[in-house]
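I would like the entire structure built from these sequences, with the hints used as guidance.
Okay, so the sequence shown: first residue is 91 according to our numbering, each after it adds one.
Hints are computed from structural coordinates only; laboratory data are not their basis.
Each hint should be verified, as a subset may be incorrect.
Pairwise CB distance ranges (calculated) [what the hints assert, rightly or not]:
| # | residue 1 | residue 2 | range |
| --- | --- | --- | --- |
| 1 | 407 | 216 | 44 to 52 Å |
| 2 | 106 | 128 | 16 to 24 Å |
| 3 | 409 | 202 | 32 to 40 Å |
| 4 | 413 | 123 | 13 to 21 Å |
Straight-line Cα separation of at most 27 Å, DSS-like style, residue types lysine-lysine; simulated pairs [as the list claims (entries may be wrong)]:
| # | residue 1 | residue 2 |
| --- | --- | --- |
| 5 | 268 | 218 |
| 6 | 263 | 335 |
| 7 | 294 | 311 |
| 8 | 278 | 268 |
| 9 | 218 | 230 |
| 10 | 335 | 284 |
| 11 | 294 | 284 |
| 12 | 286 | 268 |
| 13 | 218 | 242 |
| 14 | 301 | 335 |
| 15 | 311 | 192 |
| 16 | 301 | 311 |
| 17 | 311 | 189 |
Here a beta-carbon is modelled for each residue, glycine too, at the ideal position from N, C-alpha and C.
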Amino acid sequence: LVKELGLEPECQPLQVERLLQVWILNCFEHSDEPLGYSTYFMSSFMSHSCYPNAVWHYDGDDFVLRARCDIQANDEVTVSYLSEDTLLESTASRRRHLKDSKHFVCDCVRCTATADPCRGFRCPACSKVSLAFGPATGDKVDVGEEEMTSRKCEHCGTPLGRGQAAMLNSEEKLLESKIEATERGIAKRGIHGKHKDLLEQLEKDVQRAEKSLSQHWLLDKAWQLVGDLQARNGRPQDAETTMRKRLEFQANAYPCLSGANAWMLEAYADMLLRHQRCTLEPQITVPDVAAAQKLAPNAQRVYAQSLRILRFMFGVQHEYYLGVQRKAEMLDKELARYNLGEGATS
91 LVKELGLEPE CQPLQVERLL QVWILNCFEH SDEPLGYSTY FMSSFMSHSC YPNAVWHYDG
151 DDFVLRARCD IQANDEVTVS YLSEDTLLES TASRRRHLKD SKHFVCDCVR CTATADPCRG
211 FRCPACSKVS LAFGPATGDK VDVGEEEMTS RKCEHCGTPL GRGQAAMLNS EEKLLESKIE
271 ATERGIAKRG IHGKHKDLLE QLEKDVQRAE KSLSQHWLLD KAWQLVGDLQ ARNGRPQDAE
331 TTMRKRLEFQ ANAYPCLSGA NAWMLEAYAD MLLRHQRCTL EPQITVPDVA AAQKLAPNAQ
391 RVYAQSLRIL RFMFGVQHEY YLGVQRKAEM LDKELARYNL GEGATS
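Written out as structure tokens, the structure reads:
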């Protein structure tokens with residue numbers, strides 16, 4: 091790079107590398123196409139937390155910072171260096187992302203907790219969901235069978251034996267490999283196909299995993315694939331059930347406002363409309379009174395939940411909020427034609 095730009099002898103390669111690393115470790119994504127990054131003076135001083143009390147977004151070229159929970163006087167203002175989706179992954183996975191991209195091991199309140207609500211396992215002794223088997227400790231990034239051995243279930247107090255820890259860790263890795271295999275299969279065959287055989291196999295894999303894993307981010311990732319394929323294969327009720335599983339996981343995984351949860355709620359409401367033969371673009375149209383009766387008031391309430399989160403996180407002028415508000419208002423009007431509904435935007 092130094093030679094290509096003709097910077098020698100005034101600038102040495104090591105100096106350029108140091109400057110690039112300073113920029114990379116302090117910048118934010120600005121655009122997807124083309125991929126672009128920006129560095130802002132004030133925001134570059136903000137620390138990361140996996141339980142951030144602030145969230146940022148762009149308003150044109152302006153950097154906007156908003157509180158996402160109560161902030162007390164003298165509290166440090168923190169943001170997430172991770173995406174909203176990644177905040178729902180396990181402590182070990184989040185630490186791995188940050189280690190790879192920002193070169194530090196996170197020690198925020200979530201990453202040092204004694205329970206990990208994104209990596210739950212079923213206790214071999216009592217079958218209840220334990221969140222105490224999977225957390226990362228100290229400056230650990232990966233937590234395998236060695237670290238899990240002897241950890242006690244918070245419900246029955248029984249410690250994990252080495253063989254039990256190995257089994258749970260093996261089932262976790264197996265599910266991750268099955269998810270990756272399904273994603274490769276879909277990518278190879280085409281993302282718009284029904285892929286019925288891939289769905290049937292993944293459903294079997296998930297059923298097996300659910301015997302050992304629960305309240306686990308990899309299950310959520312698998313359910314995302316399963317639900318999408320269920321909808322493509324004409325199984326709307328199964329797809330809705332799978333979506334509700336994802337929403338339950340998210341509600342238990344993250345204790346604060348979550349953009350990922352807001353977008354999932356929006357997707358769930360969209361799904362409910364599609365399954366009642368509604369058009370969504372260019373405007374929402376409910377085909378008949380039977381469809382309207384099934385949608386009211388549940389779909390309105392789901393949009394309203396999404397709007398509440400987006401309003402606090404991004405404000406009422408942001409495109410995220412305005413997009414959902416538009417759908418909610420159109421649905422309200424359609425249901426009002428049938429004298430139904432309670433008003434998602436009221």
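Verification of the hints:
Here the CB-CB span from residue 407 to residue 216 is close to 50 Å, well matched to the stated 44 to 52 Å. Separation of residue 106 from residue 128 is about 20 Å and conforms to the stated range, judged on CB atoms against 16 to 24 Å. Range check, residue 409 to residue 202: about 35 Å between beta-carbon atoms, so the 32 to 40 Å window is met. A beta carbon spacing of about 19 Å between residue 413 and residue 123 agrees with the range 13 to 21 Å that was offered as a hint.
Distance restraint check for residue 268 and residue 218: the Cα-Cα separation of roughly 25 Å lies within the 27 Å cut-off, and the hinted pair is therefore satisfied. Between residue 263 and residue 335 the alpha-carbon distance is near 21 Å, which keeps this suggested pair within the 27 Å criterion. At roughly 15 Å between alpha-carbon atoms, residue 294 and residue 311 fall within 27 Å of each other, so this suggested pair holds. Our distance criterion of 27 Å between C-alpha atoms is met by residue 278 and residue 268, whose separation comes to about 15 Å.
For a cut-off of 27 Å, the pair hint linking residue 218 to residue 230 stands: about 26 Å separates their Cα positions. The hinted pair formed by residue 335 and residue 284 meets the criterion: a straight-line CA distance of about 22 Å does not exceed 27 Å. A C-alpha spacing of about 17 Å is found between residue 294 and residue 284, which places the hinted pair at or below 27 Å, so the restraint holds. With a C-alpha separation of about 15 Å, the suggested pair residue 286 and residue 268 falls inside the 27 Å cut-off, and the hint holds.
Simply put, residue 218 and residue 242 have alpha-carbon atoms about 12 Å apart, close enough for the 27 Å limit, and the pair holds. Distance restraint check for residue 301 and residue 335: the Cα-Cα separation of roughly 15 Å lies within the 27 Å cut-off, and the hinted pair is therefore satisfied. Between residue 311 and residue 192 the CA atoms are separated by roughly 24 Å; this keeps the pair inside 27 Å, and the hint holds. Simply put, residue 301 and residue 311 have alpha-carbon atoms about 16 Å apart, close enough for the 27 Å limit, and the pair holds.
A threshold of 27 Å between alpha carbons decides the hint, and for residue 311 with residue 189 the separation of about 22 Å falls inside it, so the pair holds.
Every hint, counting from the list given before, is met by this structure.
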